[in-house]
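Engineer: Now for the letters of each chain:
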Amino acid sequence: NAGVTQTPKFRILKIGQSMTLQCTQDMNHNYMYWYRQDPGMGLKLIYYSVGAGITDKGEVPNGYNVSRSTTEDFPLRLELAAPSQTSVYFCASSYVTVGELFFGEGSRLTVL
Amino acid sequence: QQQVKQSPQSLIVQKGGISIINCAYENTAFDYFPWYQQFPGKGPALLIAIRPDVSEKKEGRFTISFNKSAKQFSLHIMDSQPGDSATYFCAARLNDYKLSFGAGTTVTVRA
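Heads up: the sequence lines are chains Y and W, in that order.
The first sequence maps to residues 1 to 112 in the working numbering.
The second sequence maps to residues 1001 to 1111 in the working numbering.
Quick caveat, the hints were computed from the structure, so don't treat them as lab data.
One or more of the hints may lead you astray.
[As the list claims (entries may be wrong)] Some, not all, of what chain W presents toward chain Y, calculated at C-beta under 10 Å: (1) 1004; (2) 1032; (3) 1062; (4) 1066; (5) 1068.
C-beta: ideal position from N, C-alpha, C; glycine also.
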């Protein structure tokens, strides 16, 4: 089992560009999440999904969008990238409620 | 605004020593308190977790102590090993979907 797979691992964007971070899981988990990790700040929840077709905002959703068309995939879209979106992004999943989270290896995004 | 306050930011311990990381919270609605371990370049992974009706939980060299009245909990790493060098995050669950994470503690174990 691959678990949670994120692509790309690294990306540099120019201000104003857009991109999609991909996330897929093969554990048949219902719940999926996107977090961002900044130094000294822990992990902040951006968006989450409790199943295909259902998404909701987390703590820091501004500047991001998500969709969940299948159980396996939960892409994160960045529109009009800003330097404040420079961060490491983690996708995670859990079987039921947010007990044990399974994280991907992260996507490091730099906006210049 | 950090709902879970974690300290220290970093610590260095000699091999065989004890590492102690502390977390404090205000919201009494939190019902589950996990600790995650993260190695460089990897995502966090669940290490150990506790519910508020238990005062202590031990798994191998890792122990969580929980003080409900003080709204504090801590992670003790006994007989620390170089392989324990990582960043540790405490967290608290508010509801089915949301974990609030502490800021993280980077532990370095010197051989």
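Engineer: Tell me the numbers of any earlier hints that the structure contravenes, in ascending order.
Structural biologist: Violated: hints 3, 4, 5.
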